[in-house]
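Here the structure of chain D is known, so what remains is to put chain B in place on it, guided by the hints.
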Amino acid sequence: MNKHPKASAIPLDITQLQNLEQLRDDEFWDYARALARQVPAAAQSEDYLECALGTGTCLIPLTMLNEVVLPPHRLTLLPATPEWMPGIVAWRGEAIAVIDLTLYLSGHAVDLSNAILLIVNHANIPIGLLVPSIGQTTPILQGPQDTLSADDIAGSTGPTAPADFSALAALAAPKAPAPTPHMPSRTAGVKGMQQGALVLDVPILLADVVQRIETAAANE
Amino acid sequence: MNDIFNQDELSAEDLAILQAFDEMDMGSWEGEGAQKDTSTQAAGEEEASEKFLTPEEMLVLFVGEADEDITAIRRTLQQLEPDDHLDAAHLQVIQRTAHKLKGTSGAIGCMAMSTIARHLENLVKQIINGTIVPFIGLNALVQTAHALEKTLISFVTNGEESSSLLAELETEYKALNIDIAAGSATKPGYAQHVEEEQAKESPAQEHQPAPFVRVDVHRFEQLVQHSERLAELSNPLENAQAEVEKALQELHVAEARLRHMEGLLATQLATKRFDAMAAQSASDERPTSTLVARILDESAQRTGKLYQHKSKAQPPKSADSLQWDDLEIDRFTESDFLVQSLNEAVADVTTASSQLRTAIAQLNCITRQHIDQATNVRNDTLLLRLTPISTLLTGIERAVMMSPLAQQQRVLFEVEGAATEIDQDILEELKHPLLQLVRTCTAHRSTAPEEVDGEESGNTVSRTWLHAGAIGNEVTIEVGFSMVVGGGVLDEVQEAIRRLNGTIVARRNSLGGVSFHLRLPRSQGALQGFLVKTGSHHVVVPFSQVQRIDDGKQTLPEHLYTLHSLLGVPAEHSAVEGVRPVLILATEAHPMAVQVDDILGEVKLVVKPLAPHLRRPGIAGVVIDAMSNILLVVDLPGLINHYEMQESTIKIAAIRKSDKQVQYPTQTRQSILIADDSVYIRKSLRQTLTYAGYQVREADDGMKTLESLLDNPPHALLLDIEMPNLSGYDVLSMMRVHPELARVKTIMLTSRSSEKHQEKARELGAQVFLTKPCPQDLLLETLRSLLRS
Numbered sequence: 001m002n003k004h005p006k007a008s009a010i011p012l013d014i015t016q017l018q019n020l021e022q023l024r025d026d027e028f029w030d031y032a033r034a035l036a037r038q039v040p041a042a043a044q045s046e047d048y049l050e051c052a053l054g055t056g057t058c059l060i061p062l063t064m065l066n067e068v069v070l071p072p073h074r075l076t077l078l079p080a081t082p083e084w085m086p087g088i089v090a091w092r093g094e095a096i097a098v099i100d101l102t103l104y105l106s107g108h109a110v111d112l113s114n115a116i117l118l119i120v121n122h123a124n125i126p127i128g129l130l131v132p133s134i135g136q137t138t139p140i141l142q143g144p145q146d147t148l149s150a151d152d153i154a155g156s157t158g159p160t161a162p163a164d165f166s167a168l169a170a171l172a173a174p175k176a177p178a179p180t181p182h183m184p185s186r187t188a189g190v191k192g193m194q195q196g197a198l199v200l201d202v203p204i205l206l207a208d209v210v211q212r213i214e215t216a217a218a219n220e
Numbered sequence: 001m002n003d004i005f006n007q008d009e010l011s012a013e014d015l016a017i018l019q020a021f022d023e024m025d026m027g028s029w030e031g032e033g034a035q036k037d038t039s040t041q042a043a044g045e046e047e048a049s050e051k052f053l054t055p056e057e058m059l060v061l062f063v064g065e066a067d068e069d070i071t072a073i074r075r076t077l078q079q080l081e082p083d084d085h086l087d088a089a090h091l092q093v094i095q096r097t098a099h100k101l102k103g104t105s106g107a108i109g110c111m112a113m114s115t116i117a118r119h120l121e122n123l124v125k126q127i128i129n130g131t132i133v134p135f136i137g138l139n140a141l142v143q144t145a146h147a148l149e150k151t152l153i154s155f156v157t158n159g160e161e162s163s164s165l166l167a168e169l170e171t172e173y174k175a176l177n178i179d180i181a182a183g184s185a186t187k188p189g190y191a192q193h194v195e196e197e198q199a200k201e202s203p204a205q206e207h208q209p210a211p212f213v214r215v216d217v218h219r220f221e222q223l224v225q226h227s228e229r230l231a232e233l234s235n236p237l238e239n240a241q242a243e244v245e246k247a248l249q250e251l252h253v254a255e256a257r258l259r260h261m262e263g264l265l266a267t268q269l270a271t272k273r274f275d276a277m278a279a280q281s282a283s284d285e286r287p288t289s290t291l292v293a294r295i296l297d298e299s300a301q302r303t304g305k306l307y308q309h310k311s312k313a314q315p316p317k318s319a320d321s322l323q324w325d326d327l328e329i330d331r332f333t334e335s336d337f338l339v340q341s342l343n344e345a346v347a348d349v350t351t352a353s354s355q356l357r358t359a360i361a362q363l364n365c366i367t368r369q370h371i372d373q374a375t376n377v378r379n380d381t382l383l384l385r386l387t388p389i390s391t392l393l394t395g396i397e398r399a400v401m402m403s404p405l406a407q408q409q410r411v412l413f414e415v416e417g418a419a420t421e422i423d424q425d426i427l428e429e430l431k432h433p434l435l436q437l438v439r440t441c442t443a444h445r446s447t448a449p450e451e452v453d454g455e456e457s458g459n460t461v462s463r464t465w466l467h468a469g470a471i472g473n474e475v476t477i478e479v480g481f482s483m484v485v486g487g488g489v490l491d492e493v494q495e496a497i498r499r500l501n502g503t504i505v506a507r508r509n510s511l512g513g514v515s516f517h518l519r520l521p522r523s524q525g526a527l528q529g530f531l532v533k534t535g536s537h538h539v540v541v542p543f544s545q546v547q548r549i550d551d552g553k554q555t556l557p558e559h560l561y562t563l564h565s566l567l568g569v570p571a572e573h574s575a576v577e578g579v580r581p582v583l584i585l586a587t588e589a590h591p592m593a594v595q596v597d598d599i600l601g602e603v604k605l606v607v608k609p610l611a612p613h614l615r616r617p618g619i620a621g622v623v624i625d626a627m628s629n630i631l632l633v634v635d636l637p638g639l640i641n642h643y644e645m646q647e648s649t650i651k652i653a654a655i656r657k658s659d660k661q662v663q664y665p666t667q668t669r670q671s672i673l674i675a676d677d678s679v680y681i682r683k684s685l686r687q688t689l690t691y692a693g694y695q696v697r698e699a700d701d702g703m704k705t706l707e708s709l710l711d712n713p714p715h716a717l718l719l720d721i722e723m724p725n726l727s728g729y730d731v732l733s734m735m736r737v738h739p740e741l742a743r744v745k746t747i748m749l750t751s752r753s754s755e756k757h758q759e760k761a762r763e764l765g766a767q768v769f770l771t772k773p774c775p776q777d778l779l780l781e782t783l784r785s786l787l788r789s
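Chains as they are written, first to last, in the working numbering: chain D, 1 to 220; chain B, 1 to 789.
Please keep in mind that the hints were generated in silico from the structure rather than gathered at the bench.
This one's a predicted model, so the numbers in the text were calculated from it and none came from an experiment.
Cβ coordinates follow ideal geometry from the N, Cα and C atoms, glycine included.
Check each hint, because a few of them may be wrong.
Said to hold, decoys possible - One side only, chain B facing chain D, incomplete, derived with CB under 7 Å:
1. 79
2. 80
3. 537
4. 616
5. 624
6. 628
So here's chain B without its partners, still in its complex pose:
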């Protein structure tokens, strides 16, 4: 292999051969990856046949790659015109290539080249920031590229770099009044340029809620009709309520009459009993004392009135003791009248009860109609807010057609489903992230001669498309690109879409490019999901996250979680341990499952966002049920990712605390995926890791990395940030969407060393951040600790 390349000059043919070797190597890994992982022996045999590159071969590899990068820089510089405003896309290509060269040359120890490449990066930043005027900036760029080229030649010719070229370059910067260190603190490249453009296009109030909404006339009339019917229902509702009130009053009157009858009847009966007893007493009872009897007799003779016994009437011992005689016929009639009145009162009560039941039934009927009509009005209101997605397309199409890619080659923009409707607020929130995504993806100016063959022979055509569709309350949007896309903004786009309770995933499309698939709620209406029980808590799992429900009796997936563990709530220990349902998640690769205590049913409720201080990973929001209870809406992939990250962090800390000795793996062969766009870095890492006993795979861009991850998740991922076709950050963002990748340990290995990058990488899920060039011992020790966790 050493004989194939000339150290002095690497032709395109040489590079093609080198690339072919790389692809053969990758192909063998990708094609046989699954088998290798299932058979350690087979992997060992394959590994034994792999030939390690000698240091000289590695140097040739580096020189070839560096020469290619410098050529790309020079070619791009030639396309820059000394205008008032240097083309941002060209500058981005220079910046990205310089960044790659900085990392590669730093890794091999060519520090002068690495420093010059860093200066090139800083120059681009300052030109974009406006710190350096374009004319002077272009001059400095050309001189820097020249210094790079001469330094590489000196390295190839003399075997070491000439440091004087760097010193001369820095002197030249001073002569041009350029503070080359000032660019380090600025925002990276094109991202900032895009932000500036967006800031110009969209004033601050653009993201504020719109003060008005556009309304379809037909729908507005429908809403008016429903509102009128709702208003018309007010009178029947009031009448029904009045009827109920009236029936209740009648019932009360009848009740009062009954009570009155009861009183009269009681008095009558008491009088009757008293009279009967008095009559009996008059005939039978005489005072037992003779003296008293004599006094009473004398009194009767004197006054002419007979003695009447005035002792308290004793109640009869039984009703049978009452004897009605003929002289009491008038009293009998009165009693009969009372009984009759009582019967009438009872009948009145029965009638009032019946009327009340009828009135209540009528009221219920009217209330149901009222509720139905209110639902219609609510739905109308939601419909009023819908607008076709076509309103967004003009801006997107303009962004595509004004893109650097479109300036270089013919770009087609196709649309399907433009009439698909979505809530205006959602569309407004979606507008900025979608434009950001499209701008970033089309900002990448291809250096390849041809990407997609057009219909016309000889023309280079790239295709971009937006396909939209709606199913139920869900809208799906595919934003596709046939060519290699830029990256670095997916985490922001993903965050914006998550706020809308949506998801975004990246997939390879049929044209070999990248498509972004978005799923969003159609309106801000109700969310449909399963109401599940875990421990003593109830939570809502959206339908969209669940592929199917398993009864838990069959063989469960390898990655099985319990919801109470994911949420960190105590488990409920029931006396009878029954079979618990398992939610099989809608994942793309390996099946993931979450066991719950019970599925209580389905709910359809409006999701409310949590206040910032209450937001938690894996909690999408809350719903409030009819009893004013709060139910958490869980994001199961997010919960699993967070859980795995927590577990990993705890285990790493424990291992680092307990064991400091370096032990390279010799028994078990763990797989590592290297994701880096630099051939030299990949080969260098492959040698180091293979020698240490790991199985190694490679990916040279973000999309291939994601595909390789999903195809066969490795134990660990060494991930660069700056890569074509989705950046390292984008890969991390996509990994969060796939819970099956939650156990992959990620090490960021990049030449970007600032705290900002480290913080962002950790936020997105990277466990460790290492800076290139990274000492082998540190890399291997880090890997060992990480994989033992």
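So here's chain D without its partners, still in its complex pose:
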């Protein structure tokens, strides 16, 4: 399990190596501490909202959220829709699709009696994501050196560790570990994992959702 942030692999030339060898022990460690204190300039954090999925948790970028509301008592059922679309609701005067996010991602149905509706929007198509509950916001660092390891998929990383945004490819790869309750059965819209939570790529997720809703009507 990787509990420490990965060090950047900085290539050093011969001169730099010789200079390092000439340093005394105390000078070397001072230099090393100074380097360690440096924060990468490119590192930026983005706030994510933690959402329970029943079988795990996921993280949704706050910037993608339009509103967090309580769902209506009863959703309006639309004919010929996927099983993970329980219906449509009115939001700001228009009908929008509601997606059971747990069912969509994992294929497992969970209790949604006290669910929360997250309104997300991409390409002027608002969609309601129904989740059992929501938690706190979590900042996630995004760095250019983000890579994926098996540990990242299976377990958690440190609180300041960068997210593994290449997890999607690994999840879809044939050699990926067998699905666990934390692993999605549908990888579209999942861009990685952070502390055991799925990090969602909302634009991709919404594009996939809209396409599947359209094809459900055509393939009925």
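Showing chain B alone in chain D's frame:
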């Protein structure tokens, strides 16, 4: 019959006789159709008397029809002038005739003629596209028609086609630098020409919402007045709210005063009780201990103060134990004062409550006025958007007068109800489809000598008209034509009108032509409909779809559906099964009915369209009620059509999977309607199907097909695409409007084989697509599978 026709030349008289035979045949079917279907025995007797045509007779039929088609092509070519721009309507006639000839000759096995006819079609397409310049194009057309004629002569003379004529023609194409295969990939004929014309006339932004609307001055002033009154209501509303606030504050003050009084009274009563008890204790109580008593006495002697009992005052056991003496008169007065104050406070509260009630009543009154006035303003706004339909008429009249038909003969355009008003946005959306409809219908240049007799003897007059009227929030428009009309665009027009929450149907008019009846909302305001319950869901059914409501106790129509089945939602099983209401639909032929769980009432709400990914067949849109719940607005005919199509597809798949053996129907006689404008194709199919045991009817154009369908729905329909007086696509589009035709199985049988045509036919509801010439076994097997489903 074989002796009647000369194989070498078919005169007009011969063709007239042949046509008469066809009409006699059709007439007997149409006149007795209903009786035949109700009596299999009678139909069998009629069928037994029918004489099958011999192969020689079929050949004569083909030759006659082909000769007629080639003559029509040559006659049209003679009318074409070698100009910079060949007349599109003439080209369309050539293309359509060539298409028909291609199918007919292909079906009989004359492949050279079929290929030459296809070349003719492609030439027309390329001329319209501009790929071939008109002069060269006209030259190629004439040579192709000549090749067609010579090939037919060789077939009649020698009993087989001369293939050298086709080869010579293709060599000639190369010499003219014409790539004859290039036309196959282009858009079909006149439709594209119309699109191009429309593209020229209407730039892309024409269909964008208009940046401004025209406003009637009187209505604008009315809106201003209502808006002013609405603004004037703001002060009374604010005053009423202030009064309520003031009354509430007074109530709060009175309440606070009451609480204060309560505190004072409680303190007073407690003091009084304490004093009474203290006095009693001073006189009655002595310490029980003698030592304590002695100490207290000594202390009293030393200090001069008497002993006072300081034990906790015990509350009196009852209020009656309080004894008021004369020395307490001042305290009594104080208590009385408190009671009096209390009474005053209570009175204040009562007054404040009364004031509050009055203020609330006033507020409610003002609020009602405010709502009424807001409704007035909203209605004014809707009225502002209305415009007379006459603004559309100029374009339509111009389209009629510039049409190929008008160039050939006199065309009258009549208008009624030009002052009928409709929302400007709706009119703008309607403009393009209406023009498209009129252009297409008047593009057909009649080859008949006379269609409608005019007032002046000897003149050929065709009539077109537009009659408009409004009832409530609905506008009806009839676009009528007295002559044979072109077709092929009705599905697009229908789709545009459906987007406006309207409908369009085609009917035969009193002049024997075709009329298109449109029903549209007058404004984009509220939709009135029934709020019905199905399962645990509520949906809205527009009034216009329901003819009447049945209590479900009487005999129900044969075609009865349940709304929960149509919508695919689970049924609600109630403990007590009561009688459920049945909505009888407004259909033209057989009654159709949809059973619902309950009718909850009527609603009047604004319909909102669904986003593209949420659109579903049979769902016209949604409305949002006062509780922000979404209600689906259902299109019952659309739902029924979709449901029947789904059921049919499932059953066909199941049958094809379970049973591959061919079994021709011998016991039950199922009816087939053949819709094709080719006499040869109709007769050929009739023989095949009759021999296989089916009852067969025929229709030679789209309108007759639609009428025959509605008059007596057959089990299956063999439908050609290219037909006069509504195309096969138009027939399919109209079938979707009539839910009573939802169970008719449709096979497209056409020489158009491209994937685009197949896709379009399936989208419009055809179950199977077969290409001419179609092997008999394939046709019969397809029919068998389809009808068993």
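Item to complete: Give me the numbers of the hints this structure contradicts, sorted from smallest to largest.
Response: 1, 2
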